[in-house]
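Novice: Protein chains in written order, with the working numbering: chain A, 23 to 360; chain B, 5 to 287.
Derived by calculation from the structure, the hints in this document are not laboratory data. Note that this is a predicted model, so its numbers are computed, not measured. Incorrect hints may have been included.
As the list claims (entries may be wrong) - No more than 30 Å apart at the CA atoms, straight line, and that leaves these computed lysine-lysine pairs for DSSO-like:
id, chain 1, residue 1, chain 2, residue 2
1, B, 217, B, 239
2, A, 258, A, 177
3, B, 23, A, 214
4, A, 214, A, 258
5, A, 258, A, 288
6, A, 177, B, 23
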Amino acid sequence: MFLCVVLGRPVDGASVRSVRFRLDRFAARQRIASRFRGFGDRTFFVASWHHSECTLGDVPAALAVSGLAKRYGAVEALSGVSLEVGESELVGLLGPNGAGKSTLVKIACGLVRPTTGRAEVCGVRAGSREARSAMGYLAELFRFPGWMSADELLKLHQRLAGSEGGERERSELLELVGLLDARARTVEAMSKGMQQRLGIAQALVGSPRLLLLDEPTSALDPVGRRTVRTLLEELKRRGVSVLLNSHLLSEIELVCDRVVILLGGKVVAAGTPAELARPRGVEIETNGGARTYAEASRDDIPRLIAELVQDGQSVYGARVLTSTLEEVYVEAVGGETS
Amino acid sequence: MTAVWTIAGYGLREALRRKVFLVVCLLTIAFLALYWMGTRYAFHHIGNVAPPEGIDPRTFAGAFLFGMAMFGTLFLGVVLAIFLTLGVVRGDAERALLQPLVVRPVGRSTLLVARFLGAAAVCAPYVLILYFAGMLVTGLEGSWWPDRIVMPGLELAGGVLIVAALSLLGSVFLSSIANGIAVFMIFGAGLVAGLLGNIGHVLNSHGLVHAAKIAAWAIPFEALYQDALRSITEKTSGLTGFLLRLGPFGGAEQGGVALRLWAVAYLGIVGVVAIAGFLRRDL
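Turn these sequences into a full structure, and let the hints steer you where they fit.
Specialist: Right, here's the structure in full:
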């Protein structure tokens, strides 16, 4: 056995996943040091024993939260929350107001200290300098200095993030959020929606591995929301992990790989939208109209169609009914709101 | 260091935007103009004054007027320091300006130190410029110059930096308005401590003088101001010297090297408490 150090740096535009793949193929070793360094510029520094094959499973989760609790005086905002956001995964965080979503996001980015429990970003303690280097954050309520132009704001954050992307990174980010033409415009001269998109660009400065977005579309019109949705899909393609806190269920359903529902500071439901969806029977369209078979499942469809045809009905289509995310959500939170 | 300068520059541009400098500039111009008029009038008529025996009218007038100018300098410096720092933590957090900066890989301590350095980089030169401007006006109009030229100015600047540090500390725990009021009240408490010391000297009350001294050292910007007042007439003796040591707005008291060392240590202590408080603060 010998200690081996592998250095990997992706070519421009290469995704994190492809780097990992290259690393596996090149190193083919089990990593014992679980800490990666320099996520900001995506330089990987891995110490490993020459032992066995290295797998993607060795890579620490972008966000790992375990037994997290937070108490504000008598109010328990979070009580024993555990969840993970994996590599290139887009996780939606749902819950009524006061469920603890923003507190969870704030703990993940080091703005709030947990009472108990553990939160790690890319394998290091949340809130530490390394963790903050690896993440980008857009708060639910944020303000940028009104006198700054979009370009100046991004430049400020580049300096603070230690990003060497320069002019090119700023242009790319502004283009990504559709603000390239407004780069010289001051924040106070921007609409709320433009400011929100600028906020997303700001969160992406330094190519973070994890993006924490707290209600990023709350001030956006339908076109703006669509822009953000496309942006999230693009980020996922690039290998960025995202924790998306939103009240817009349709949005979450469309873009998220997994959904976590919080209620009263606890996780009450978690899984992929398909896993969370409950079967609600089968609907068959006939010349006599649509017929619903509430107890039927997908396997029953051929039999049901055969029976209808035998009865002399014409069948035009059949589909399995499942509950929407909205129904799952309402069921999970028991209709609670604040 | 890049982060420190970036944040310091950001803080100053924010202050510029909020017209803090404009207000202070207008106040400064008004103050210097009034001070020049007052000094000119006082020295023009000094020949008409028949002072009691043992008092040198030119020294008395020059030192008294310049002492008042030093108080004005301290006051304006304190106003500037407070307005530059009163909302650095909680104020900016409540306006949601702080969070996007704090989540960057810049330590909270770096952020606080940078904001202090930004304020210091403005306040200290401002106080020194105003101090020397006042001295120049007094010297040119009345042909009177203080016994020590540089040290009193540095002590005034030091006093203002202590107020800036206290204001930063307050900003960790208090909202902007509450912090501004609290720091101005502390400044007022220093003024009261100085006046009590004056009364104590006149009444020959050791208890009052002692209490005033403890209060002045507990908030050492006041002790530094008193030491600066003492320095400008340290070679003046007799009745003139005694009366001048009663000083305008607080008596002149010698602090010496011990005070300067204490002031530096005090800055350090305030800084450590502010950083510790900020590190524990949920935003």
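Novice: Take the C-alpha atoms of residue 214 (chain A) and residue 258 (chain A), compute the straight-line distance between them, and say whether it is at most 30 Å.
Specialist: 25 Å, holds
Novice: Taking 30 Å as the top limit, are the C-alpha atoms of residue 217 (chain B) and residue 239 (chain B) close enough?
Specialist: 22 Å, holds
Novice: Regarding the pair residue 177 (chain A) and residue 23 (chain B), is the alpha-carbon distance no greater than 30 Å?
Specialist: Distance of about 24 Å is within 30 Å: holds.
Novice: Do the alpha carbons of residue 258 (chain A) and residue 177 (chain A) lie within 30 Å of each other, as the hint requires?
Specialist: 25 Å, holds
Novice: Is residue 258 (chain A) within 30 Å of residue 288 (chain A), Cα to Cα?
Specialist: Given that 30 Å is the threshold and the Cα spacing comes to 27 Å, the pair holds.
Novice: Measure nothing beyond the straight line between the CA atoms of residue 23 (chain B) and residue 214 (chain A); if it is 30 Å or shorter, mark the hint as holding.
Specialist: Distance ~25 Å between residue 23 (chain B) and residue 214 (chain A) Cα, so the pair holds.
No hint from the list above goes unmet by this structure.
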